[in-house]
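Engineer: Whenever a hint applies, use it, and build me the whole structure from the sequences.
2 protein chains.
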Amino acid sequence: MLIICCEDFQSTGKLLISEDIEPCPKDDELLISVKAFGINRPDILQKKGLYPAPKGASKTLGLECSGIVEKIGRGVIGIKEGDEICALTPGGAYAQKVVVNYQHCFRIPGSLSFAEAAVLPEVYMTCWVNLFEHGMLKKGESVLVHGGNSGIGCAAIQLANWVGATVLCSVRTEEKKAFCEKLGCSYAINIENEDIVKSLHKNFPKGVNLVLDMMGGELTKKNLNCLAKHGRLVQIAFLKGQFVEVNLMEIMKKQLCVTGSTLRSKTTIEKKRIADLLKKNIWPEIDCGKISPCLFKEFKFSEVNEAHSYMENSLHMGKIAVTIS
Amino acid sequence: MLIICCEDFQSTGKLLISEDIEPCPKDDELLISVKAFGINRPDILQKKGLYPAPKGASKTLGLECSGIVEKIGRGVIGIKEGDEICALTPGGAYAQKVVVNYQHCFRIPGSLSFAEAAVLPEVYMTCWVNLFEHGMLKKGESVLVHGGNSGIGCAAIQLANWVGATVLCSVRTEEKKAFCEKLGCSYAINIENEDIVKSLHKNFPKGVNLVLDMMGGELTKKNLNCLAKHGRLVQIAFLKGQFVEVNLMEIMKKQLCVTGSTLRSKTTIEKKRIADLLKKNIWPEIDCGKISPCLFKEFKFSEVNEAHSYMENSLHMGKIAVTIS
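Quick mapping for you: the protein sequence lines, in order, are chains A and B. Residues in the first sequence are numbered consecutively from 118, following the numbering used here. Residues in the second sequence are numbered consecutively from 118, following the numbering used here.
It cannot be assumed that every hint is accurate.
Copies of the same chain look alike in the list, so a pair counts if it works inside one copy or between any two.
Calculated pairs, DSS-like style, for lysine-lysine (alpha carbon to alpha carbon, straight line, at most 25 Å) [to be verified]: (1) K370 to K176; (2) K407 to K396; (3) K339 to K357; (4) K370 to K338; (5) K338 to K371; (6) K388 to K172; (7) K414 to K315; (8) K338 to K417; (9) K346 to K389; (10) K339 to K371; (11) K383 to K323; (12) K255 to K383; (13) K172 to K396; (14) K370 to K339; (15) K323 to K397; (16) K197 to K407; (17) K417 to K131.
In case anyone wonders, no lab produced these hints; they're calculated from the structure. Nothing here was measured: the structure is a model prediction, and the numbers come from that model.
Structural biologist: Written out as structure tokens, the structure is:
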């Protein structure tokens with residue numbers, strides 16, 4: 118089977134198509150013939166050697182896909198060969214075939230295409246667990262989502278709206294500001310022109326209840342400044358820096374909580390639990406069109422470097438998929 | 118009435134006894150004729166100008182006392198003139214008389230002396246809310262308490278034992294190590310001789326569920342290292358530094374929560390709620406001698422500088438009180 122190989126990326130600067138052996142599903146796994154896969158930020162880090170795959174995971178990139186079930190392990194319940202599904206993968210989705218735990222698979226909701234379905238699992242699972250569990254976001258609260266136009270941002274805006282929270286976003290262009298506000302963000306702040314802390318406090322003098330951040334670095338200080346009493350900072354990545362300074366006095370005085378998680382480091386059982394919550398609560402909303410995958414652009418298998426380049430240059434508003442014909 | 122005045126501390130290096138006008142209780146307040154007050158770390162910081170009193174609070178030091186009710190406001194329920202009580206004060210307890218919200222008062226439990234009762238409110242309220250609410254400590258979990266021999270440490274050890282948690286402490290002498298282990302700490306680590314992270318992992322390879330810390334500074338990194346997956350760092354002071362570096366990757370990977378609070382910044386209603394929980398759950402334990410105030414030493418009103426000096430030189434194992442004859 119063909120895969121997209123990142124092993125020579127450090128020397129060539131390119132992802133290359135190569136041959137690999139077809140993986141074999143274990144008892145609780147199934148083999149998917151991949152029709153589409155989603156591009157995610159961790160893929161960019163992983164190809165650069167900055168985000169090593171967890172122990173036992175495929176060295177091939179790819180955290181989510183859609184496709185047709187080709188083989189099932191002996192312990193698989195509720196899914197059969199020929200089913201069309203989408204799935205969270207433990208790596209390996211940048212390939213014609215991938216194995217995945219059957220409990221991390223979803224039916225394709227609504228009348229979504231393979232490309233649209235492929236981009237659901239990673240961001241919706243990440244946003245669900247970080248907004249509602251680590252972040253404890255509730256109806257009537259407010260949340261600041263950085264990079265509202267990103268794949269994560271689009272999912273976070275829609276999930277926060279679904280629960281009845283008010284959503285603020287940071288963006289870097291007027292076009293992205295309009296995009297986020299159309300998607301359900303009450304107030305998008307263009308941080309190229311405005312100071313996030315000042316702008317936010319104009320509309321929310323007490324601050325917001327939650328900040329969902331993937332930047333870290335110098336932004337962390339501002340994130341804490343933006344939080345109201347009892348506010349939560351939930352970190353899901355740190356594109357601007359891993360080691361950050363925090364003011365303990367600010368944390369104590371406002372009784373803040375600085376927390377976060379990576380979906381990838383969660384156990385199989387935790388991922389199943391999160392997937393089940395999405396199937397119950399969010400898949401019906403996608404069925405009826407209330408929640409969207411926000412697919413921005415599709416690329417061919419041979420265009421994967423262009424797909425990455427789109428994300429690296431932040432040209433996207435929503436998710437990016439690669440389809441396999 | 119006489120008070121202990123800290124206004125000239127910065128020039129004289131001494132607390133001085135001076136005269137002040139007797140305060141008048143508002144509707145929901147009562148006037149206490151003070152028999153004893155407790156010494157707390159924030160008093161040391163406040164006299165040095167490092168911890169300003171909140172808006173509206175007395176400029177006089179003192180966060181807790183015991184004594185006899187002398188006058189009551191019109192809205193006071195359940196307490197009458199002549200009652201012997203102890204109380205959390207909003208400042209002002211270093212004085213012959215102090216006013217306090219009646220909802221922050223406690224009966225004197227067991228057969229405690231005024232000095233013993235005076236040292237209960239601040240540390241037990243602080244430890245209750247930070248261990249059980251911010252820290253969510255539960256039966257079967259483990260907690261690392263820094264400075265186990267401090268007033269806070271003694272209360273934390275006993276409350277954690279009460280809830281059924283395993284307690285580890287850091288201390289700086291062998292004498293303090295023995296003291297903490299006698300009080301109910303399973304394992305005290307003398308950090309003058311041993312590395313806290315290594316020693317802790319020898320006994321708790323997965324780390325502890327909670328760290329209660331009043332140091333901050335360079336210790337923060339070690340605190341995060343000591344935590345198990347889903348662990349909580351609860352900060353209640355920062356004697357070693359307010360601005361600390363944290364590793365967002367460590368927080369995300371272990372799904373940690375960095376939080377904390379100051380009792381003083383909590384609202385009147387929050388303080389009442391915490392006081393009520395202590396009255397219900399912990400006062401009966403003190404009545405029957407299962408939980409102790411751990412009073413280490415009493416000083417006279419005129420010896421307040423010696424009392425502070427004891428705390429500043431970390432000579433104490435337990436609480437320090439000043440009595441007024």
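Engineer: Please name the hints from earlier in the document that this structure breaks, with their numbers sorted from lowest to highest.
Structural biologist: When the structure is compared with the hints, numbers 7, 8, 13, 15, 16 turn out to be violated.
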